[in-house]
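J.: Using the hints, position chain B against chain A.
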Amino acid sequence: MSGHDHPKAIGGKLLAAPMPALLALFGVAAVVMVYRFVTGVGQVSNMTDGYTWGIWEPINVVVFTGIGAGAYGVGLLCYLLNKGKYHGLVRPAVLVGAICYTLGASSIVVALGRYWNAYWLPWIPYWNLSSALLEVAVCVMAYVIVLWIEVVPSVLDGAAESRSPKWSAIGKKYGPMLNKVMPYIIALAILLPTMHQSSLGGLMLIAGPKIHPLWHTALLPTLFLISCLSMGYGAVVVLVNLLRLTWNGKQDQELFAGMSKVNAGLLFAYVVIRLVDIAVHGKLQYLRADFATFLFVFEMALFLAPAIMFFTKAGQRNRGVHFGAAALAIAAGSFYRVDTYLTMYRPVGWTDGKANAAGWDYFPSMGETTVTVGMAAIGIAIFIAVSRLFPVVVVADHKNSNLGRGDARAATSH
Amino acid sequence: MSLTRRDLLKGAVAAGAATALSSEAEAREAVPERPEALGMLFDSTLCVGCRACQSACKAANKLPTSNVKAVGGEFDAPDDLNAQTKNVIKVFDAPGGRQYMKQQCMHCADPSCVSVCMMGALHKEGEGKRLLDFEKKNGSGIVIYDKGLCVGCRYCQIGCAFNVPKFEWFDTFPLIVKCELCRHRGDPKKTGPLAVANPACCEACPRGAVIYGKRDDLLAQAKARVAANPKAYNPHIYGEKDGGGTQVLYLTAAGVSFQDIGLPKLEEESMAHFSEKVSHAPYLQGITPVALYAGMAFLIARNKKKEEEGH
Numbered sequence: 001m002s003g004h005d006h007p008k009a010i011g012g013k014l015l016a017a018p019m020p021a022l023l024a025l026f027g028v029a030a031v032v033m034v035y036r037f038v039t040g041v042g043q044v045s046n047m048t049d050g051y052t053w054g055i056w057e058p059i060n061v062v063v064f065t066g067i068g069a070g071a072y073g074v075g076l077l078c079y080l081l082n083k084g085k086y087h088g089l090v091r092p093a094v095l096v097g098a099i100c101y102t103l104g105a106s107s108i109v110v111a112l113g114r115y116w117n118a119y120w121l122p123w124i125p126y127w128n129l130s131s132a133l134l135e136v137a138v139c140v141m142a143y144v145i146v147l148w149i150e151v152v153p154s155v156l157d158g159a160a161e162s163r164s165p166k167w168s169a170i171g172k173k174y175g176p177m178l179n180k181v182m183p184y185i186i187a188l189a190i191l192l193p194t195m196h197q198s199s200l201g202g203l204m205l206i207a208g209p210k211i212h213p214l215w216h217t218a219l220l221p222t223l224f225l226i227s228c229l230s231m232g233y234g235a236v237v238v239l240v241n242l243l244r245l246t247w248n249g250k251q252d253q254e255l256f257a258g259m260s261k262v263n264a265g266l267l268f269a270y271v272v273i274r275l276v277d278i279a280v281h282g283k284l285q286y287l288r289a290d291f292a293t294f295l296f297v298f299e300m301a302l303f304l305a306p307a308i309m310f311f312t313k314a315g316q317r318n319r320g321v322h323f324g325a326a327a328l329a330i331a332a333g334s335f336y337r338v339d340t341y342l343t344m345y346r347p348v349g350w351t352d353g354k355a356n357a358a359g360w361d362y363f364p365s366m367g368e369t370t371v372t373v374g375m376a377a378i379g380i381a382i383f384i385a386v387s388r389l390f391p392v393v394v395v396a397d398h399k400n401s402n403l404g405r406g407d408a409r410a411a412t413s414h
Numbered sequence: 001m002s003l004t005r006r007d008l009l010k011g012a013v014a015a016g017a018a019t020a021l022s023s024e025a026e027a028r029e030a031v032p033e034r035p036e037a038l039g040m041l042f043d044s045t046l047c048v049g050c051r052a053c054q055s056a057c058k059a060a061n062k063l064p065t066s067n068v069k070a071v072g073g074e075f076d077a078p079d080d081l082n083a084q085t086k087n088v089i090k091v092f093d094a095p096g097g098r099q100y101m102k103q104q105c106m107h108c109a110d111p112s113c114v115s116v117c118m119m120g121a122l123h124k125e126g127e128g129k130r131l132l133d134f135e136k137k138n139g140s141g142i143v144i145y146d147k148g149l150c151v152g153c154r155y156c157q158i159g160c161a162f163n164v165p166k167f168e169w170f171d172t173f174p175l176i177v178k179c180e181l182c183r184h185r186g187d188p189k190k191t192g193p194l195a196v197a198n199p200a201c202c203e204a205c206p207r208g209a210v211i212y213g214k215r216d217d218l219l220a221q222a223k224a225r226v227a228a229n230p231k232a233y234n235p236h237i238y239g240e241k242d243g244g245g246t247q248v249l250y251l252t253a254a255g256v257s258f259q260d261i262g263l264p265k266l267e268e269e270s271m272a273h274f275s276e277k278v279s280h281a282p283y284l285q286g287i288t289p290v291a292l293y294a295g296m297a298f299l300i301a302r303n304k305k306k307e308e309e310g311h
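Taken in order, these protein sequences are the chains called A and B. Numbering-wise (the numbering used here), the first sequence opens with residue 1 and increments by one. Numbering-wise (the numbering used here), the second sequence opens with residue 1 and increments by one.
Do not rely on the hints blindly, as some may be mistaken.
Covered stretches of chain A, as calculated for chain B (at least 3 residues, CB under 8 Å) [to be verified]:
(1) 27 to 40
(2) 49 to 56
(3) 79 to 87
(4) 111 to 118
(5) 182 to 191
(6) 200 to 210
For the record, the hints were derived by calculation from the structure and aren't laboratory data. We put the beta carbon where it would ideally sit given N, CA and C, even for glycine.
Isolated chain A (complex conformation) (with noise of 0.2 Å):
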């Protein structure tokens, strides 16, 4: 295969701007963290009894894992459904997916209370299988490793054609021996979120009366399954036009034509399958003149703007138009699950869909918001920094795009 359709790495200085002040930012929710484990959970966040979670869990777990699910939407497509075009996202939602990922779990961390305790996850024994949040927290683990891995052909890629002999070497001996086993690690970089996004919506099953009846029901796995998806491709959309613009990145419209019926789908089905589901389960007297209607309705909104954008000549075609669709269906995935997790959660629960005044309040503090600020700084970092030293972005050639064409490959051939 010629080099020039390859992804490249982008070489230049590491430190050009906006490094710095991603780093700068980072530095700053470094300090804070240090500071939590120091004096406590309590002393850096607004958290309280109630509101137990605050935003690291909604935002810096959910949100960020439903923006790396990108590495899961295209690998359905590119593997599962076999439409090798879409080869040339693949490492880029990989890349984006494995730090999203890593910063999820990393933000756990430092929101948990024993985290000391933590090692003992690992060991089988003591899973207590009922517990969603162990079924997300294992298979978190695993699928950090397996995005990682899924990296590793860049690496060896970029080994591989490097000035070094001993490099080079190390490079075309195990890229091949690493392709060989790929399929059975892409397998289970399918089956692992699909497994845990839709647990990161049974997670909150349990709350039961504390979530607004219009975000609670048994379809809370389901959403968040769909919602992950919507989100993911939006999140890759989005990306390839910020690599277009940065890097002069590869954009093929033709092949976001395709994928943004697949996303008009999802999203459609999301407003269907809520609305369907509060009318079957007699949940229609919920809506009213209140905030919860407001923000319901205003999720709906959300979902059906993209949807619609997606399904029209103009969204498919028009990079603008496609870009806003794009960003819109990540905010609405964003909403639904800070909303499900967060914003129409009452610790003291709901009654006839009013919130008992009697509790709590909750705001994030300072500290919270510069640790949710530095993790998804220190991702972008992670991303430009890996992009300038390793093949993963397809660089345009002046010429036609060499996506459409199914012969650019990425992390699982040659």
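T.: Just chain B now, with coordinates in the frame of chain A:
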């Protein structure tokens, strides 16, 4: 090559099947009542709000005071259960006058905290993933805490409908704090419930508003009180079936609902039962993930081979 309608259909069928599986819940047995279950009976018509139980609890569990009001001296005045308070008396303006209400762990028959706890740090005595030194398989049903298996994730706080487990927010090495029915005060030399545990609150109560014993006996006693004085009592015994049943039972006055005294309205199906049956259903006892993995590995390997040979 673009996505055909057929591809989309295939995807939709797969998604539909997954959805159908997850809603067609497979039966997870309801947790049967433990014949030896221990608990308490609180009668709000007898409580005068003296808080002797609160002080006794703090002494018995070596807990510090909290929310101290320093007006001419110290006064322990927690406004809720917290990391320093495992037992609290609350007052509610209910129909027909004030009602005092004692709150502590309910020791549910099928507790959410136990269902969600990743490694069984919170577990029914003798039914966890490992036994603590003092622990016996006595069927007491007391929900106890094994700090060695707690990672401090606080999922128990999300799960508990009564908001009982509390977290030491301002400690470097925090613990989950909650009532363990004074398990440590049990005296093996005695017989019956006192051999297993001996809640300080029940010992201290000057009015007999809260009493300790076997749940069966307490339930019978509660029913007898209601039967003997039907005009004085709300006929519902809270905890008999609420939330799947609790080992701490509540009686309140006629005309007062249990929501008036701060207890949540719960279905007879425990939330643990609901959540486990919905979550476990699609797994088909672990067959689904294995089958899915095998199927996908096969498909992916085949697709890859085809692609390498074909195009």
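J.: Now, for every hint given, state plainly whether the structure supports it.
T.: Now for the hints, and whether the structure bears them out:
1. 27 to 40: holds (count 4)
2. 49 to 56: holds (count 4)
3. 79 to 87: Result for this restraint: holds, n = 7.
4. 111 to 118: That given contact holds, which follows from 7 residues of the segment 111 to 118 of chain A lying within Cβ reach (below 8 Å) of chain B.
5. 182 to 191: holds (count 8)
6. 200 to 210: Check passed, 9 qualifying residues.
Checked against the numbered hints given earlier, the structure satisfies every one of them.
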